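J.: Required output: the full structure, derived from the provided sequences and hints.
Each chain, letter by letter, is given below.
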Amino acid sequence: MLRFFLILSILGYALSAEDNYEQKLYESILPKIFHKSNVQIFINNSEAKKVLKMSTILTIVQKCTDADILIGNSFTKEESSCQKKPSFALDYRAYKRSKNAIGAFYWRKGRPQITFNKDAFEHHKLTIPKSLQKYVQ
Amino acid sequence: MNKSRFKLFYIFNLLALTIAIMSLFLKLEFDKTKENITSVYSSAHLQFVKEFTDNIDTIIQKSIEKNIYKELQEDYDLRQKLEEDLSLFISSTYKYIYLLDRTTTHNKHFRFLLDGSKISSDKSEFLESYEPLEVSQFNRVYKEKKAIFFEHKDIKSLWITYLHPLLIDEQVQAVLVVDFSMKSYQTISDSLNDFHTTFMQVIIFSIFLILTILWFSFMDKKREEAKERAFEELKQESKKVFMLNETLEERVKEELAKNREKDKQLLQQSRLAQMGEMISMIAHQWRQPLAAITATSSGMNFKAQRGTLKQDAILKYTDNITSYAQHLSHTIDDFRDFFKPTKEKRVVSYTEIVDSLLNIIKSSVDDKKITLLLELDATNKLDTHANELKQVLLNLVKNAEDVLVEKNIQEPFIKIKTYDKDFFSVMEVSDNGGGIDEKIIENIFDPYFSTKERKDGTGLGLYMSKIIINEHCGGELTVKNGEKGAIFTLILS
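Residue numbers (this note's numbering), protein chains in the order written: chain A, 429 to 565; chain B, 116 to 608.
Since the hints were made in silico from the structure, they are not lab data. It should be emphasised that the depicted structure is a prediction, and the values quoted were computed from it without experimental measurement. Just so it is clear, CB atoms sit at the ideal spot from N, CA and C, and this is done for glycine as well. Accuracy of the hints is not assured; some may be wrong.
To be verified - Capping the alpha-carbon separation at 25 Å, the derived lysine-lysine pairs in DSS-like fashion look like this:
#1 B:Lys-210 x B:Lys-261
#2 A:Lys-478 x A:Lys-464
#3 B:Lys-223 x A:Lys-562
#4 B:Lys-258 x A:Lys-562
#5 B:Lys-581 x B:Lys-377
#6 A:Lys-464 x A:Lys-537
#7 B:Lys-196 x A:Lys-537
#8 A:Lys-513 x A:Lys-546
#9 A:Lys-452 x B:Lys-223
#10 A:Lys-546 x B:Lys-223
#11 A:Lys-537 x B:Lys-258
Stated by the list, open to error - Away from chain B, derived, C-beta distances all over 10 Å, residues of chain A:
#12 Ile-485
#13 Thr-487
#14 Thr-493
#15 Asp-496
#16 Ser-508
#17 Asp-519
#18 Pro-557
#19 Leu-560
#20 Gln-565
T.: In C-alpha cells form, the structure reads like this:
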C-alpha cells in the first residue's frame, strides 16, 4: 500500500513537472517573439489550456481576436477571422499544413520536439530571437 | 549471575550473532547473485535486440542499393514495405523502431526515413525533422560506426535505446533506433531490491537484537553484582549480629556484675556516711552525760582535797556517775538497735518509728533551736523493715536540719505528720527551709547528687532512701515544694 502511494506521488510530481516544463517553454519563447512581458494567447486545445492556465506571463483570452497568437492545431469557422494571426501548432502535420504556424511544439517517440518556420515569421513580420534560431528548419 | 542464566544469555547472544553473520553472508551472496541475474538478463535482452536489428539491417540492405535516403525518397512503395517490416517487430516491449539519418547541414538535426509505428498520433512523416535528446549518442554512432545502447529512466519503467548504424560502403547512411522497455527487468530488479531491503532489515534487526541482549546482559550482570555485594554485606552483618549474640550474655553478666559492684560500693559509702552521722550523734548525745560525769568527778576531787568528802557524798556521787554511765550505755544500745540492719519484716506503726527516732535526734534538734512539730494521726500498722524505715526518716529529718542551719532560718521547724489514707499510711516530713530549687527537684534522688558542701554531703542519702522505700519496703517516696519549704511524702501500705 505504501509503495502504491509512493509511486502515485512520484508520478504526480513527474506529470506536474512535465506540465511545468511545457509552461516554462511557452513562457520563455512567446515574450521573446512578441517583445512583450505579457502575451495574450488563444488556445483551442484542452490539454494545452490546462498546462498554460496557471501562467502569470501568458494570458489566455476567450476571443481569438484579442490574442497575440493562437495555440492549437485546427480552428473553427468563427476563429477563421483570426486566420491572419500567427499560430503555434501542437502537431507536426498541423504545423506543416498551416501557413500561419510560426512554430510547433509536440512529442515524438517520447521526446519533446520544437521547431520554427522562418517563412511564417517573415510573413507575420516577426523576428526569430537569436536563442531560438537553432530550432529553425 | 547464576550458571543457567549465564548459559541462556550466552545462547541468545550466540543465536543473534549467528543470525546477523548469516544475514550478512546471505546479503553478500545475494548482491552477487543479483548482479549476475541483472547482468545476464540485460545481456540476453540486448543480444536479442542486436539480433533482430541485424535482421532488419539485412532486410533494408537487401532493398537498398547505394543511397538509402535517395532510394527511399524516390520509392514510396519501398518505404511502405519497409515500414511494414519494421512494424512487425513492434510490441509493448519494443515500442519504437525507426530509421533516421543526419542532415548534412546540421549535425543536431535528424530526420525520419522510416517509422514502424502504427499509432497515427506518433507516426512520423517521411523526412520529418527530429531532434533527439541524446544527440551526442546518435553522433557517436556516426563516428564510431558501431551499435551502442544507452539507458534513460522515465517514471514508468526503465527504457533503453539501441542505436544500430546502417553501413553502406563503410559509411553510416542511417541509424536504426529501437526504444525498448526494460520493465520486466525492472520488475525483477525491484523484487531483488525488496529482497535486499529485507536482508538489510534482518541484519539491522539482528544487530539491534544483539545490542539489546548485550545491554540486558550487562544490566543483569550489574544487578547480580549489586545483589551479590548486598548479600555479602548482609552476610557480614549477620555474622556480626551472631557474634554479638554470642557475647551478649557474657556482656550482660559483666554489666550486671559491674552494677552489683557499684551498688555494693554505694551501700558501703552510704554505711560509712551513716556511721559518720552515728558517731556525730553519739558524740552529741554523750556530751551532756560526759560533762555531768566530769563535773561530779571534779566535785568529788575538790571535796577530797579539802577533806570534806563524806561517805554519803561519795555514795551519791558514784550513784550519779553510774547513772550517767548507764545513760551512755543506753545511748549506745539505742544507736546500735537503730542502725542494726534487720532482714526480717515486723509489724510496726509510724508512731513507734517516730518515737524511736526522737531518742536519737531530740538533743541534736534542740541544740540547734529547731522546733520539732509532731502530728501523728496514723493508726495503720505496717509490716515492713522497721530499722530501714527509721534510717529513711532519720535521713529526711537530718537533711531538713542541715538546710535550716545552713540557710540560718528564723524560727526553724521540722514537722513530722502521719495520717491514714484508705489502706495507705502516709508520713510527711516538711520544714520551713524555703524548698528545693525547681531546676534540680527532679534530680535530688539521683546518686551523688547533693546541694550540701562537699565535706558534708555524699549525695547518697536520698538515693538510698528512695531505693529502701520503693524497692525494699514496696512504698513510694516523693518530694514537692510546699508554701514554706520542701515536703517529703512517704506512702506505705
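J.: Are the hints correct? Go through all of them and say.
T.: So, going through the hints one by one against the coordinates:
For the proposed pair Lys-210 of chain B and Lys-261 of chain B, the alpha carbon gap of about 22 Å is at most 25 Å, so the pair holds. Taking the CA atoms of Lys-478 of chain A and Lys-464 of chain A, the gap is near 22 Å; set against the 25 Å cutoff, the hint holds. Using a Cα cut-off of 25 Å, the hinted pair Lys-223 of chain B and Lys-562 of chain A holds, with the two alpha carbons roughly 9 Å apart. Restraint check: the Cα-Cα separation between Lys-258 of chain B and Lys-562 of chain A comes to about 22 Å, which is no more than 25 Å; the hinted pair holds.
Restraint check for Lys-581 of chain B and Lys-377 of chain B: the C-alpha separation of about 17 Å stays at or below 25 Å, so the hint holds. Under the criterion of a C-alpha separation no larger than 25 Å, the hint pairing Lys-464 of chain A with Lys-537 of chain A is inconsistent with the structure, at around 33 Å. Distance check on the hinted pair: Lys-196 of chain B and Lys-537 of chain A sit about 21 Å apart at the alpha-carbon level, within 25 Å; holds. Restraint check for Lys-513 of chain A and Lys-546 of chain A: the C-alpha separation of about 15 Å stays at or below 25 Å, so the hint holds.
For the given pair, Lys-452 of chain A sits about 23 Å from Lys-223 of chain B by alpha-carbon distance, which is consistent with the 25 Å threshold. Pair hint Lys-546 of chain A plus Lys-223 of chain B holds up; C-alpha atoms about 18 Å apart against a cutoff of 25 Å. The straight-line distance between the Cα atoms of Lys-537 of chain A and Lys-258 of chain B is roughly 23 Å, inside the 25 Å bound, and the hint therefore holds. No beta-carbon of chain B comes within 10 Å of the beta-carbon of Ile-485 of chain A; the shortest separation is about 25 Å.
The beta carbon of Thr-487 of chain A sits about 29 Å from the closest Cβ of chain B, which is more than 10 Å, so the claim that it is off the interface holds. Distance to chain B confirms Thr-493 of chain A as a non-interface residue, since its nearest Cβ pair spans about 30 Å, more than 10 Å. For Asp-496 of chain A, the shortest C-beta to C-beta distance to chain B comes to about 26 Å, beyond the 10 Å cut-off, and the non-interface label holds. For Ser-508 of chain A, the shortest C-beta to C-beta distance to chain B comes to about 25 Å, beyond the 10 Å cut-off, and the non-interface label holds.
The claim that Asp-519 of chain A lies off the interface is violated: its Cβ sits roughly 8 Å from the closest Cβ of chain B, which falls inside the 10 Å cut-off. For Pro-557 of chain A, the condition that its CB be more than 10 Å from all CB atoms of chain B holds, with the nearest at approximately 18 Å. No Cβ of chain B comes within 10 Å of the Cβ of Leu-560 of chain A; the nearest lies about 13 Å off, and the non-interface call holds. Once the 10 Å rule is applied to beta carbons, Gln-565 of chain A is inconsistent with being away from chain B; the minimum gap is 5 Å.
Hints 6, 17 and 20 from the earlier list are contradicted by this structure; the remaining hints agree with it.
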